[in-house]
Amino acid sequence: DAGVTQSPTHLIKTRGQHVTLRCSPISGHKSVSWYQQVLGQGPQFIFQYYEKEERGRGNFPDRFSARQFPNYSSELNVNALLLGDSALYLCASSGQGSSYNEQFFGPGTRLTVL
Amino acid sequence: AQKVTQAQTEISVVEKEDVTLDCVYETRDTTYYLFWYKQPPSGELVFLIRRNSFDEQNEISGRYSWNFQKSTSSFNFTITASQVVDSAVYFCALIQLPANRDDKIIFGKGTRLHILP
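In the order they appear, the protein sequences are chains A and B.
The first sequence begins at 41 in the working numbering and counts up by one.
The second sequence begins at 3 in the working numbering and counts up by one.
In short, the hints are calculated from the structure, not lab data.
Ideal Cβ positions, reconstructed from N, Cα and C, are used throughout, including at glycine.
Treat the hints loosely; a few may be bogus.
[Stated by the list, open to error] Simulated DEER-style distance windows between Cβ atoms:
no.	chain 1	residue 1	chain 2	residue 2	range
1	A	Ala-120	B	Asn-60	17 to 25 Å
2	B	Val-26	A	Asn-141	22 to 30 Å
3	A	Leu-154	B	Ala-83	40 to 48 Å
Next up, chain A with everything else stripped away, as it sits in the complex (with noise of 0.2 Å):
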């Protein structure tokens, strides 16, 4: 079975553009979260969502925002990027709603704005 897929795996962007960051979750998965894990730190938690809702936000800007589709697949989008913004960021599936649960993650899309 897959796991956990991220495209694009590497990207570069300059400041003030937007980028958008894709997650499919394991088959039958229901819930997928976001990080932001800058160089030397551990992940931070951005948003959570759960059949299609979002369940939980981190303490990010509001250039950051995210969505859920019918199929549970997820996208993370950021406007306006900042030097600040590079970093890995992880998208994690679940087959609960609940940050406590087991999560699974991919192997990130590693960011950078120059």
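Position chain B against the provided structure of chain A, taking the given hints into account.
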């Protein structure tokens, strides 16, 4: 406020040695979950264990063991007879219960473990 502290930034040990990774947490809540995740060079986090605050039994899984002590707010992770494949960054994490809309899992900064052949 919740906080997870992994004071060891980086550890190097020779293969077959035992190694313990420390995790100290802070939370005002009496009910919470603690986690350990492994992040190999490939990037994805791999779930290792989840422990709820009411279960202080130590757990052993093969060469891995975990020591949870509420009295010292610690949840330490020991690898026995380490192997090169154990080289990775290890994260400790915490989430309070009941989890609601604004609750989020908090990760420590991680400990980079090098197992030298």
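Comparing the hints with the structure gives:
1. The supplied range of 17 to 25 Å is broken by Ala-120/A and Asn-60/B, whose beta-carbon atoms lie about 48 Å from each other.
2. In this structure the hint that Val-26/B and Asn-141/A lie 22 to 30 Å apart at CB holds, the actual value being about 24 Å.
3. The beta-carbon spacing between Leu-154/A and Ala-83/B, approximately 45 Å, falls within the hinted interval of 40 to 48 Å.
Of the hints listed earlier, the one the structure fails to meet is number 1.
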